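Chemist: In terms of full-length UniProt numbering, the sequence shown is numbered consecutively and its last residue is 298.
These are calculated hints, taken from the structure and not from any lab test.
Since we're looking at a predicted model, the values are computed, not measured.
Each residue gets a CB set at the ideal place from its N, CA and C atoms; glycine is no exception.
A portion of the hints provided could be inaccurate.
Pairwise CB distance ranges (calculated) [said to hold, decoys possible]:
1) VAL157 with ARG18: 33 to 43 Å
2) ARG294 with LEU20: 29 to 39 Å
3) GLU77 with ASP264: 43 to 53 Å
Derived SDA-like pairs (lysine to any residue); straight-line CA-CA distance at most 25 Å [to be verified]:
4) LYS160 with ALA180
5) LYS160 with PRO203
6) LYS160 with LEU281
7) LYS160 with GLY240
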Amino acid sequence: MNERPTLAELSAFAAVARHLSFRAAAEALDIGPSTLSHMIRDLEARLGVRLFNRTTRSVALTEAGQRFAGRVHPLLEGLDDALDEVGSAGDTARGRLRISASETVAALLLRRTVPAFLQRFPDVTLDLVAEPQFTDIVAGGYDAAFRLGEAVPLDMVAVKIGGPSRMVTVAAPAYLAGHAAPQTPSELTGHALIASRTPAGRPQQWEFGRNGEVIRIEAEGRLVLNRTELMTRAALAGLGIAYVPERIAAAHLETGALRLLLDDWCPSYPGLSLYYPGHRLVPARLRAFIAVLRAVPP
């Protein structure tokens with residue numbers, strides 16, 4: 001190896017190794033895919049080894065690439081920490097803040113928290129990634145993520161946001177005008193249920209509890225949707241009964257556009273937490289986001 005790789009080349013390699021996609025990595029780095037591909041070829045030429053196996057449909061690390069990634073990722077993280085430490089000396093929040101959240105949580109954040117944060121900290125770019133499944137925030141290059149309190153990994157620092165939450169069953173008055181409201185979870189089987197499915201394709205369970213009794217129903221319906229807000233809209237349209245987070249339905253319950261069903265059968269569970277790696281320096285931009293999150297919760 002005649003020359004050391006440049007920092008730009010190492011960052012490019014780390015992005016492709018993280019995303020296993022040249023297009024996604026190029027978008028994350030805000031450069032063109034052809035430019036990124038050229039940088040990786042130059043890096044491989046400098047090292048004298050192939051780092052990725054490429055086909056028209058997939059990208060995978062070679063054995064040498066996997067070993068190299070194991071060395072490069074900690075080095076870049078250490079550099080980021082050093083830059084954050086220097087940049088936070090004046091306690092100024094700046095740079096890119098990358099956060100992972102479910103689509104439901106992302107929608108809630110966009111109502112009040114995100115607008116307040118962007119207004120207060122104009123030097124921060126918020127990269128809010130809505131994902132259907134939980135992700136490894138370290139491997140994914142995130143600063144932080146949201147989960148229910150009971151699901152936060154033990155090696156992470158958790159910041160509780162708000163109080164307990166719960167899932168509720170709701171329907172529009174138009175639907176209930178032609179159907180008797182269920183009094184117990186077992187009576188839901190006679191209703192039009194707005195259903196959803198797990199990533200594996202199974203019907204999503206609706207869970208109810210009261211006085212120590214727990215009832216789980218595999219909700220089957222003629223309408224199956226994969227977005228919480230779409231399920232709420234379907235309920236508003238009178239298409240049946242939906243099972244959604246109470247926070248999503250709250251505004252519609254207040255106006256009477258939706259009615260709460262089986263209230264005493266819908267128990268609460270630990271609320272949301274923002275979490276981040278405990279072994280890394282907390283950058284000023286993340287501290288700023290946490291401060292706004294506490295002052296203006298979703």
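Chemist: Are the hints correct? Go through all of them and say.
Modeler: Evaluated hints:
At about 22 Å, the CB distance of VAL157 to ARG18 disagrees with the hint of 33 to 43 Å. Checked against the given bound of 29 to 39 Å, the beta carbons of ARG294 and LEU20, roughly 36 Å apart, stay inside it. The supplied range of 43 to 53 Å is met by GLU77 and ASP264, whose beta-carbon atoms lie about 48 Å from each other. A distance of roughly 39 Å separates the Cα atoms of LYS160 and ALA180; the hinted pair therefore is violated under the 25 Å criterion.
Under the criterion of a C-alpha separation no larger than 25 Å, the hint pairing LYS160 with PRO203 is inconsistent with the structure, at around 30 Å. Among the hinted pairs, LYS160 with LEU281 is consistent with the structure: their alpha-carbon atoms are about 19 Å apart, no more than 25 Å. With a C-alpha separation of about 34 Å, the suggested pairing of LYS160 with GLY240 is violated against the 25 Å cut-off.
This entry does not satisfy hints 1, 4, 5 and 7, going by the numbered hints stated previously.
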